[in-house]
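Number of protein chains: 2
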Amino acid sequence: MAERPPKLRLFVAADLTAGASVGLDAAQAHYLGTVMRARKGDALALFNGRDGEWRAAIDGFGKGWCSVAVGERLRPQTAEPDLWLVFAPIKRARIDFVAEKATELGVSALWPIFTRHTAVGRVNVERLRANAVEAAEQCERLTVPEIVAPATLDEVLADWPAGRALLVLDESGAGAPAADALADLPPGPAAVLTGPEGGFAKSELDGLRALPFVTHIGLGPRILRADTAALAALACWQAWCGDWRARPALR
Amino acid sequence: MAERPPKLRLFVAADLTAGASVGLDAAQAHYLGTVMRARKGDALALFNGRDGEWRAAIDGFGKGWCSVAVGERLRPQTAEPDLWLVFAPIKRARIDFVAEKATELGVSALWPIFTRHTAVGRVNVERLRANAVEAAEQCERLTVPEIVAPATLDEVLADWPAGRALLVLDESGAGAPAADALADLPPGPAAVLTGPEGGFAKSELDGLRALPFVTHIGLGPRILRADTAALAALACWQAWCGDWRARPALR
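Quick mapping for you: the protein sequence lines, in order, are chains P and H.
Under my numbering, the first residue of the first sequence is numbered 80, with each subsequent residue one higher.
Under my numbering, the first residue of the second sequence is numbered 80, with each subsequent residue one higher.
Read the hints as simulated data drawn from the structure, not as lab findings.
Among these hints, one or two may not hold up.
Below, simulated DSBU-like cross-link-like pairs (lysine-lysine); rule was C-alpha separation at most 30 Å, straight line [stated by the list, open to error]: (1) H/K170 <-> H/K281; (2) H/K86 <-> H/K119; (3) H/K119 <-> P/K86; (4) H/K142 <-> H/K170; (5) P/K281 <-> H/K86; (6) P/K170 <-> H/K281; (7) H/K86 <-> P/K170; (8) P/K86 <-> P/K119; (9) H/K170 <-> H/K119; (10) P/K142 <-> P/K86; (11) P/K86 <-> H/K281; (12) P/K142 <-> P/K170; (13) P/K170 <-> P/K281.
Computed from a predicted model, the values in this text were never measured in an experiment.
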């Protein structure tokens with residue numbers, strides 16, 4: 080296909096096959112019709128996290144709905160790196176930002192957790208998901224990160240899956256430099272864990288250090304905000320252990 | 080010194096020596112007295128980018144001023160990595176964010192530039208500087224990044240300093256993977272160059288490719304926003320070529 084892929088790109092729940100008709104929800108219909116001023120016949124791309132990416136065309140608009148005809152497949156579904164971000168929630172603007180950036184940086188799951196010094200009492204999971212969907216649509220991912228139900232650090236660690244490395248961002252100065260820790264990491268699923276603005280409690284760091292799947296890493300001499308540290312670590316992991324040797328698919 | 084360093088930390092222009100008296104400006108006096116509710120005798124840390132970091136104590140407040148007595152030196156000035164961020168300006172909230180994050184990630188200079196597809200017509204240099212100062216105060220840096228006067232990409236390239244590598248973040252898929260490019264980079268000063276939301280023009284990329292100090296790098300298969308790409312590249316450079324083998328000084 081020499082044609083450029085459509086610029087409009089939406090995540091949908093429906094199965095995608097050639098010739099299918101997909102009904103979009105009210106929010107997506109509003110986005111297409113009112114925000115993007117799309118019209119009947121306009122092209123868009125659809126993905127659902129399972130069936131790859133498909134060319135589609137707007138079939139019709141109504142009040143609160145939009146119907147789309149699925150055309151041919153643009154890209155097959157492919158395996159993606161398995162990297163979680165497990166993070167103590169921070170202020171709302173910063174959590175929006177983390178959801179957007181972590182999605183662009185290819186995390187497979189976002190998991191808000193509560194630690195001893197976490198000041199934020201609840202997490203708007205729907206908002207987290209909406210930010211992740213929007214970022215996935217924009218960055219040409221074929222999936223949306225899973226949003227895992229918030230839990231305490233103790234609960235997360237008690238049920239940690241076998242074979243997944245946990246990289247703890249440790250401001251205490253006791254962590255290995257990121258470059259060394261990532262070079263030594265065996266291939267396989269991983270997770271980055273970031274603490275709240277007040278940092279981890281000493282007892283939490285000591286408890287983490289005793290766990291066989293944990294590596295403590297340091298991100299240099301400056302004290303990074305929690306959101307900066309999370310994104311820096313995700314970028315380094317993708318560059319050295321993830322899929323950053325691949326190129327954009329549609330260019 | 081077993082004492083913990085003061086939590087209040089300010090960047091000042093004045094020379095810092097033991098026994099000196101430093102006058103703070105109205106904004107800093109307001110921050111200390113009203114925002115942070117500091118009182119006469121309270122401890123703070125001062126740095127000026129030249130003389131290291133010093134313990135100080137508030138000597139007195141007045142209307143629009145605050146006087147501070149400099150005590151002993153906490154840290155000597157040390158050399159820092161020489162990494163510029165040369166970036167096409169983006170929307171205001173995102174540029175604030177880039178200034179904050181790039182400062183935490185240790186850039187020595189922030190240089191806004193205009194490219195062919197740059198949609199933003201002017202840059203608020205004072206605001207850029209204020210964000211950089213605030214981030215430097217928070218992240219325990221001993222310097223504030225230099226804010227370089229905006230210029231066009233052509234002007235920047237025509238006067239490029241000898242010996243400084245230029246890493247161009249290239250969405251076209253033609254760049255080397257970041258891990259490989261950074262492993263091959265000779266030690267020395269460097270700069271990361273990011274384009275506007277619309278990307279570089281093809282002629283710009285071709286022109287850059289012809290320059291001996293340029294390396295084109297790719298950041299994987301997802302299409303990153305300009306701000307995400309900048310921060311990801313800065314983090315990778317610090318981890319592999321910069322000072323991320325060092326630990327926080329004051330912990």
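To see whether the hints hold, each was checked on the structure:
1. Restraint check for H/K170 and H/K281: satisfied, since their Cα atoms lie roughly 23 Å apart, inside the 30 Å limit.
2. Distance restraint check for H/K86 and H/K119: the Cα-Cα separation of roughly 15 Å lies within the 30 Å cut-off, and the hinted pair is therefore satisfied.
3. For the proposed pair H/K119 and P/K86, the alpha carbon gap of about 59 Å is over 30 Å, so the pair is violated.
4. Restraint check for H/K142 and H/K170: not satisfied, since their Cα atoms lie roughly 36 Å apart, outside the 30 Å limit.
5. A threshold of 30 Å between alpha carbons decides the hint, and for P/K281 with H/K86 the separation of about 19 Å falls inside it, so the pair holds.
6. In summary, the hint linking P/K170 to H/K281 is not supported, as the alpha carbons are separated by about 40 Å, beyond the 30 Å threshold.
7. About 20 Å separates the Cα atoms of H/K86 and P/K170, which keeps this hinted pair within 30 Å; it holds.
8. Between P/K86 and P/K119, the direct Cα distance comes to roughly 15 Å. Compliance with the 30 Å bound is thereby established for this hinted pair.
9. Simply put, H/K170 and H/K119 have alpha-carbon atoms about 41 Å apart, too far for the 30 Å limit, and the pair is violated.
10. Proposed proximity of P/K142 and P/K86 is supported: the alpha carbons are some 24 Å apart, at most 30 Å.
11. For the proposed pair P/K86 and H/K281, the alpha carbon gap of about 19 Å is at most 30 Å, so the pair holds.
12. Using a Cα cut-off of 30 Å, the hinted pair P/K142 and P/K170 is violated, with the two alpha carbons roughly 36 Å apart.
13. Taken as a hint, the P/K170 and P/K281 pair is honoured in the structure, with Cα atoms around 23 Å apart against an allowance of 30 Å.
In this structure, the earlier hints numbered 3, 4, 6, 9 and 12 are contradicted, and the remaining ones agree with it.
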